[in-house]
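Undergrad: One line per chain: the protein sequences are A and B, in this order. Its first residue numbered 5, the first sequence is counted upward by one per residue in this note's numbering. Its first residue numbered 89, the second sequence is counted upward by one per residue in this note's numbering.
These are calculated hints, taken from the structure and not from any lab test. Just to be clear, a hint being listed does not mean it is correct.
[Unchecked claim] Taking lysine-lysine pairs in the DSS-like style, the calculated list, with each CA pair at most 27 Å apart, reads: (1) 241(B) x 138(A); (2) 112(A) x 58(A); (3) 138(A) x 204(A); (4) 169(A) x 329(B); (5) 86(A) x 21(A); (6) 141(A) x 241(B); (7) 141(A) x 21(A); (8) 227(A) x 204(A); (9) 110(B) x 261(B); (10) 142(A) x 327(B); (11) 169(A) x 110(B); (12) 58(A) x 130(B); (13) 112(A) x 300(B); (14) 110(B) x 141(A); (15) 142(A) x 314(B); (16) 171(A) x 121(B); (17) 142(A) x 241(B); (18) 112(A) x 243(B); (19) 25(A) x 112(A); (20) 99(A) x 112(A); (21) 171(A) x 327(B); (22) 138(A) x 243(B); (23) 130(B) x 138(A); (24) 141(A) x 243(B); (25) 130(B) x 141(A); (26) 17(A) x 264(A); (27) 142(A) x 130(B); (28) 58(A) x 25(A); (29) 171(A) x 130(B); (30) 121(B) x 169(A); (31) 327(B) x 360(B); (32) 314(B) x 112(A); (33) 86(A) x 227(A); (34) 138(A) x 110(B); (35) 300(B) x 329(B).
Please read these numbers as outputs of a predicted model, since none were measured by experiment.
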Amino acid sequence: MEKDIQFLKDTAKELRKNILKMVCAACSGHPGGALSAAEIITALYYGEMHVDPKNPQDPDRDRFILSKGHTCPVLYSVLAMKGYFPLEELQTLRKINGRLQGHPDMNKTPGVDSTAGSLGNGLSIGIGMALMAKLDKKSYRTYVLLGCGELNEGLIWEAAMAAAKFKIDNLLAIVDYNRLQLDGTNDEVMPLEPLADKWKAFNWNVITIDGHDFNQILGAFRKAGETVNQPTVIIANTVKGKGVSFMENKVDWHGKAPNKEQLETALREIENDI
Amino acid sequence: MQTASMRTAYGEALVEAGRENKNIVVLEADLSKATKTSLFAKAFPERFFNIGIAEQNMMSMAAGFATCGKVPFATALAVFASMRALEQVRTSVCIGNLNVKIGAPYGGLATAENGPTHQCISDINMMRGLPNMTVLAPSDAVSCKACVHWAVKHKGPVYIRILRDGEPVLYEKKEDVNIENGNRLHEGNDMAIICNGFTSHMALQAAEELTKEGMHVTVHDIFCIKPIAADVILDIAQKCKRIITVEEHNIYGGLGSAVAEVISQSRPVPLKIMGVNDYFSDSGSHKDLLERAGLTVENIIRQVKDFVE
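Can you make the complete structure from the sequences, with help from the hints?
TA: Here is the structure:
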């Protein structure tokens, strides 16, 4: 297990480097919320989900929806690392005629299961997928990654009610709780606390973890998988911009690309675990 | 004229389609008794999902259903299907070009007494503005069924504007209905009326009255407002030289605009657009509201006469 965890840590490092390189090449994008989700995404794609990069439309595959679609560099990076498309293609992010749109597009990018970008829609789409798995008696699971700022959207809570009504236990929602959104902290913009109690009040099974600790992430996935007749949400406490000292907990890095010099510093820090 | 309920036809068509195709699922926003999806719920309870009064969630869930190979019919009052959930229809359904069908009963002024919050005179405009969306507006119970069956076969998002009850029956059987091109209800070379929905039977009556006075008017019933049958519209323009459009919709952005877009770019002829003259109406009977909008047989006759060269 120790060896596995080390592999996941190394993979998350690669993921972070790819995120920063692609955002720098694009001269725009959203690094902060991509970096905060690096461990969650790594754990999903390397330790949890059943997917086959050679068969991205497999009807029996597990589904992943990046509902916080603006952080797509983290998704594109993991998809490239898994082999859905060449790593070099990451350099085409946000460029004309490219397959890597500014927000995920299911019809353009192999491995993207749902178009996203306008916040708040992903949980509803995921519930749709999960309900159809039940109707068709299929065993695939659906994973939805939500941003914390995204929880401001009323639609999230419509979906939360519906998931409990339909006893959606084959869907896992994960909140990347980095406590920052574009204009400032959650508390400044729209307070979310008590967040766990909110989900509990909507009849969800709630698991709170450190979203950068692989043991806790994998443990939460396991517990969620064992839960029946109730939807599960993992509230993953994370740090926006995680891994790069000058980006961590800085709201300015929500939607700004590093320049070449900043990129070099950031890559060095990630490599050396500073 | 014999009448039949379009919303009942919608519910019956869903059951017919659901029997033939196991992938058809229906989503409802707590109005199944009004929209008649209750008929489908009774026939196929395992494929019926009541999402509650949450149209946005319903549309995005329908998108999720469609990604799994289903043919979801998301159903809500036209005003809420087209406007409350417009962003989800655009983002979750249309950008992905997903195979979601939107059934929208109570279009136009049909919710009459409920007042302007429930009347729906902007939906065609909203839906026409969305790439990938096909926009249908049947004119009676038979064409309503035809639209549902056509939508099942069509791959991609479809909006079906449905009315309510008591619509005069214009077609004998659904095979008679030509969804893509529309149907010719009356022939004549003096002028053309292009119409849809509840106004089609009025236009037909107006044409029959005018025939008695020696004036021969073409009446063409359009079901598919987008993409509109441009060739058919241009043929009508060439033959009749003048066109009046009639619709239970704002004069901006609906059928009249769609016809104007076609003829103005290829074969300009004088055009008059009849509809709701850009105002929110009040509570009242459907008949009273139509009269206020000038959507009556008598006014159509008057407008035709005034429009003669």
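Undergrad: Against each hint, give a clear statement of whether it holds in the structure.
TA: The hints, checked one at a time:
1. With a C-alpha separation of about 25 Å, the suggested pairing of residue 241(B) with residue 138(A) holds against the 27 Å cut-off.
2. About 16 Å separates the Cα atoms of residue 112(A) and residue 58(A), which keeps this hinted pair within 27 Å; it holds.
3. This hinted pair checks out: residue 138(A) and residue 204(A) have alpha carbons roughly 23 Å apart, not beyond 27 Å.
4. For the given pair, residue 169(A) sits about 58 Å from residue 329(B) by alpha-carbon distance, which is inconsistent with the 27 Å threshold.
5. A distance of roughly 15 Å separates the Cα atoms of residue 86(A) and residue 21(A); the hinted pair therefore holds under the 27 Å criterion.
6. Between the alpha carbons of residue 141(A) and residue 241(B) the distance comes to roughly 25 Å, so the proposed pair stays at or under 27 Å and holds.
7. Under the criterion of a C-alpha separation no larger than 27 Å, the hint pairing residue 141(A) with residue 21(A) is inconsistent with the structure, at around 40 Å.
8. For the suggested pair residue 227(A) and residue 204(A), the alpha carbons sit about 16 Å apart, so the restraint of at most 27 Å is met.
9. In summary, the hint linking residue 110(B) to residue 261(B) is supported, as the alpha carbons are separated by about 24 Å, within the 27 Å threshold.
10. Only pairs whose Cα atoms come within 27 Å are accepted, and residue 142(A) paired with residue 327(B) is rejected, the gap being roughly 58 Å.
11. The hinted pair formed by residue 169(A) and residue 110(B) meets the criterion: a straight-line CA distance of about 23 Å does not exceed 27 Å.
12. Straight-line distance between C-alpha atoms of residue 58(A) and residue 130(B) comes to about 42 Å, which puts the hinted pair past the 27 Å bound.
13. Pair hint residue 112(A) plus residue 300(B) does not hold up; C-alpha atoms about 59 Å apart against a cutoff of 27 Å.
14. Annotation: proposed proximity of residue 110(B) to residue 141(A) holds, straight-line Cα distance about 14 Å (limit 27 Å).
15. Between residue 142(A) and residue 314(B), the direct Cα distance comes to roughly 37 Å. Violation of the 27 Å bound is thereby established for this hinted pair.
16. For the hint pairing residue 171(A) with residue 121(B), the CA-to-CA distance comes to about 25 Å; that is within 27 Å, so the pair holds.
17. About 25 Å separates the Cα atoms of residue 142(A) and residue 241(B), which keeps this hinted pair within 27 Å; it holds.
18. A distance of roughly 18 Å separates the Cα atoms of residue 112(A) and residue 243(B); the hinted pair therefore holds under the 27 Å criterion.
19. Restraint check for residue 25(A) and residue 112(A): satisfied, since their Cα atoms lie roughly 21 Å apart, inside the 27 Å limit.
20. Using a Cα cut-off of 27 Å, the hinted pair residue 99(A) and residue 112(A) holds, with the two alpha carbons roughly 13 Å apart.
21. Note on residue 171(A) and residue 327(B): the hinted pairing is violated, with a Cα-Cα distance of about 61 Å set against a maximum of 27 Å.
22. The suggested pairing of residue 138(A) with residue 243(B) holds, with an alpha-carbon distance near 24 Å, which does not exceed 27 Å.
23. In summary, the hint linking residue 130(B) to residue 138(A) is supported, as the alpha carbons are separated by about 20 Å, within the 27 Å threshold.
24. As the CA atoms of residue 141(A) and residue 243(B) are separated by approximately 25 Å, the hinted pair is consistent with the 27 Å bound.
25. For the hint linking residue 130(B) to residue 141(A), the alpha-carbon distance of about 22 Å falls within 27 Å, and the restraint holds.
26. For a cut-off of 27 Å, the pair hint linking residue 17(A) to residue 264(A) stands: about 19 Å separates their Cα positions.
27. Note on residue 142(A) and residue 130(B): the hinted pairing holds, with a Cα-Cα distance of about 25 Å set against a maximum of 27 Å.
28. Restraint check for residue 58(A) and residue 25(A): the C-alpha separation of about 25 Å stays at or below 27 Å, so the hint holds.
29. Distance check on the hinted pair: residue 171(A) and residue 130(B) sit about 21 Å apart at the alpha-carbon level, within 27 Å; holds.
30. A threshold of 27 Å between alpha carbons decides the hint, and for residue 121(B) with residue 169(A) the separation of about 20 Å falls inside it, so the pair holds.
31. About 16 Å separates the Cα atoms of residue 327(B) and residue 360(B), which keeps this hinted pair within 27 Å; it holds.
32. Straight-line distance between C-alpha atoms of residue 314(B) and residue 112(A) comes to about 25 Å, which keeps the hinted pair within the 27 Å bound.
33. Between residue 86(A) and residue 227(A), the direct Cα distance comes to roughly 25 Å. Compliance with the 27 Å bound is thereby established for this hinted pair.
34. For the suggested pair residue 138(A) and residue 110(B), the alpha carbons sit about 15 Å apart, so the restraint of at most 27 Å is met.
35. Taking the CA atoms of residue 300(B) and residue 329(B), the gap is about 21 Å. The hint holds against a cut of 27 Å.
In summary, the numbered hints that this structure violates are 4, 7, 10, 12, 13, 15, 21.
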